[in-house]
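Number of protein chains: 2
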Amino acid sequence: MTELKGACIFGQSGGPTAVINASAQGVIETALKTGCITKVYGASHGIKGVLDDELFDMSLEDPKEISMLKYTPSSALGSCRYKLKDPDTDTTEYERILEIFRKYDVRYFFYNGGNDSMDTCNKISKYMQKVGYECRVIGVPKTIDNDLAGTDHCPGYGSAAKYIATSCMEVFQDARVYDVGTVTVVEIMGRNAGWLTAAAALAKDMGCGPDLIYLPETDFYMNRFLDDVEEIYKLTGYCMVAVSEGIHYPDGSLVSDVANSVVDSFGHVQLGGLASLLADEVKNRTGAKVRGIELSLLQRCASHCASATDIEEAYMAGRVAVESAVKGLTDKMVTFTCRRDPKYLCTANLVDLDVAANAEKKIPREWINAAGNGLKSDFSAYALPLIQGEPDRPMENSLPRFARLARRKA
Amino acid sequence: MTELKGACIFGQSGGPTAVINASAQGVIETALKTGCITKVYGASHGIKGVLDDELFDMSLEDPKEISMLKYTPSSALGSCRYKLKDPDTDTTEYERILEIFRKYDVRYFFYNGGNDSMDTCNKISKYMQKVGYECRVIGVPKTIDNDLAGTDHCPGYGSAAKYIATSCMEVFQDARVYDVGTVTVVEIMGRNAGWLTAAAALAKDMGCGPDLIYLPETDFYMNRFLDDVEEIYKLTGYCMVAVSEGIHYPDGSLVSDVANSVVDSFGHVQLGGLASLLADEVKNRTGAKVRGIELSLLQRCASHCASATDIEEAYMAGRVAVESAVKGLTDKMVTFTCRRDPKYLCTANLVDLDVAANAEKKIPREWINAAGNGLKSDFSAYALPLIQGEPDRPMENSLPRFARLARRKA
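First to last, the protein sequences are chains A and B. Residues in the first sequence are numbered consecutively from 611, following this note's numbering. Residues in the second sequence are numbered consecutively from 611, following this note's numbering.
Please note: incorrect hints may appear among the correct ones.
Because identical chains share one entry, a pair is satisfied inside a single copy or across any pair of copies.
Claimed, not checked - Each computed EDC-like pair below joins lysine to aspartate or glutamate, with the alpha-carbon atoms no more than 16 Å apart:
1. Lys658 - Glu703
2. Lys1019 - Glu664
3. Lys693 - Asp789
4. Lys658 - Asp789
5. Lys986 - Glu976
6. Lys695 - Asp726
7. Lys736 - Glu639
It is worth saying that the hints were derived from the structure and are not from the lab.
Based on the provided sequences and hints, a complete structural model is requested.
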């Protein structure tokens, strides 16, 4: 074990989740009590805060407020969607990062995010190695999308899945309350991977969930979809459908493309309006009363419906990142290895950043039924342990009490 | 006290809520143990089930399942939006109802709904009086809209308000996570009364809620709205807005009219798409990144975020309806009288059905700020007691376990 003395920077990146702050708490609390970490800085808005020299001194925070991060959704330090330039063509940003690292004697860098953020983390790690600046870099996984490679699942997914399953159960109850038949289409996040939308299958297992589930892992055919809906609607008078925002035709074009075409800074198309679009198609075909519901931001920030398992694992991911770096490891991302039989057990490991960066893990095709409109029990066996447990969250007047960080400039 | 022996019918009507089934439980459990009530029938889809002779025998239900109704959203017996004809012009439906009442020896009729449903209840009550058929009729209030006259508040409102406040707090956290400014517009239910949208003010009291709140109680001016948003956005980089679906221009036309124009069977315009419409207007004016979020059905069925106070009061409303009828009262609706100082205390009373039927209670103008874009503390003092307490709801695999009624035909 090589003891490396120096400061650490922790940053949050990408879309927030209900538990990204639990990982922050894991990093901050562990780093603050680790002797060799001399200072704990939080970066304002991830790597942008590093580039802009906007760092917060975490030792100035009230520990009571830090302890509430576990129950505070979204990103307490601020996040960013910022893609660093390719270091082979332009090293300006990396030189700036190195300058800031030198200024604050930063020897530990922890970066919390999804696959784009792990790419950022990886590039920084490789650059520091190349220029010979000793800095241990560990990625902390986070994404409601659950699409990071090299890990059983990602912190953030369990809570989003629980909210989606719970909300689908409630909407199912509500959507069949009249004796006038209805078709309800629920639009769920997920561009390329259907993990979030698949969580609707957990509602179905409880006897009240979508009849049909469409994921981006398979091609979408509008006519088959309308046939599927019509058949169930004619038989039962009702039909509930869950669709991923990323469903696409065989040629790869998004079904939602007609509805919206704004592009974010990573080049992803910002989706939306798909539920209404499909509901309209169903109405035209069947004449049914239809309703399109978009879970929107709620599915990624609903900490009031978080999974206690997810919160504890998110915290563990942050803690293990710090402990591993202190032990001398670097250039890794924390991963989870899980045993599900006879009892769920999740342990933290590490994988090379190269493995995690930019790779996308999708739902195995064999977990999806042949028709491509539902999930097999393999998915539920995988996902159910991840949503377990209700956190004992702090409340004030029966409303959530979120952490209030001072965010004092370093 | 006149003992009246006979059967009772209970029906649910109008849009469901997170706690309408708690009132059902209150009626059913109380009626089942009341000696003079010989049979307890549940009407399938409210008054339509009476007209169609579709009644369920509640004594055949498993009491354990009935006890879970408190935690089951939506309408367990099925609801309807059915307007009875004016008895002065056409008595056909009333004669049919009388026929069914005679067939099953129905002497008690309990009807659970909002103002349109209280109108139904009132018409039936008056008709039975007119034809001299002894039947005690009691309305059980229910509406997330909270717009029934003659009562402090309505069962269903507290839970919807709690969900709205909680979700607004979470969206607030999420919507300011990037250093790129954002304007977020949240669309909340409420055609003519702003009670639901006003609940967003409870989030603001917690330090994370909408900057601006627009209700149907005041006229809406698009330019003033855009000025309001622009001012806050320029000052802080962010702006969050809560709008009621029913906001309207001074001439009474709905702001959402462009977005949608489907009409339901009561002649109400089905609203939707308002959030996107306003978000687009803001984008055009400010160039800001915008997001429109519609809470949609979720706000009326989110039993996972219900208020324990609301559940207990909804149950009490059902219980008191039966107890009052047995005591000899009729032609009334259950109401709540509340004391808020020094401690919240809610008692059940009765008001004439004439008072409740079709009247709409709105937010007092003096509770709304002069600019018409926010609430004063009077509102919070009123609403906060109604959202208190987390129910100890039954769960299976960390998902809600809803009541499963057998609904055996009588």
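Hints and how they fare:
1. Lys658 - Glu703: Intra 10 Å, inter 69 Å, cutoff 16 Å: intra-copy only.
2. Lys1019 - Glu664: within (7 Å within a copy, 68 Å between copies)
3. Lys693 - Asp789: between (52 Å within a copy, 15 Å between copies)
4. Lys658 - Asp789: For Lys658 and Asp789, the Cα distance is within 16 Å only across copies (9 Å; inside one copy 54 Å).
5. Lys986 - Glu976: within (8 Å within a copy, 56 Å between copies)
6. Lys695 - Asp726: within (12 Å within a copy, 62 Å between copies)
7. Lys736 - Glu639: neither (27 Å within a copy, 68 Å between copies)
In summary, the structure is inconsistent with hint 7 from the numbered list given earlier, while agreeing with all the others.
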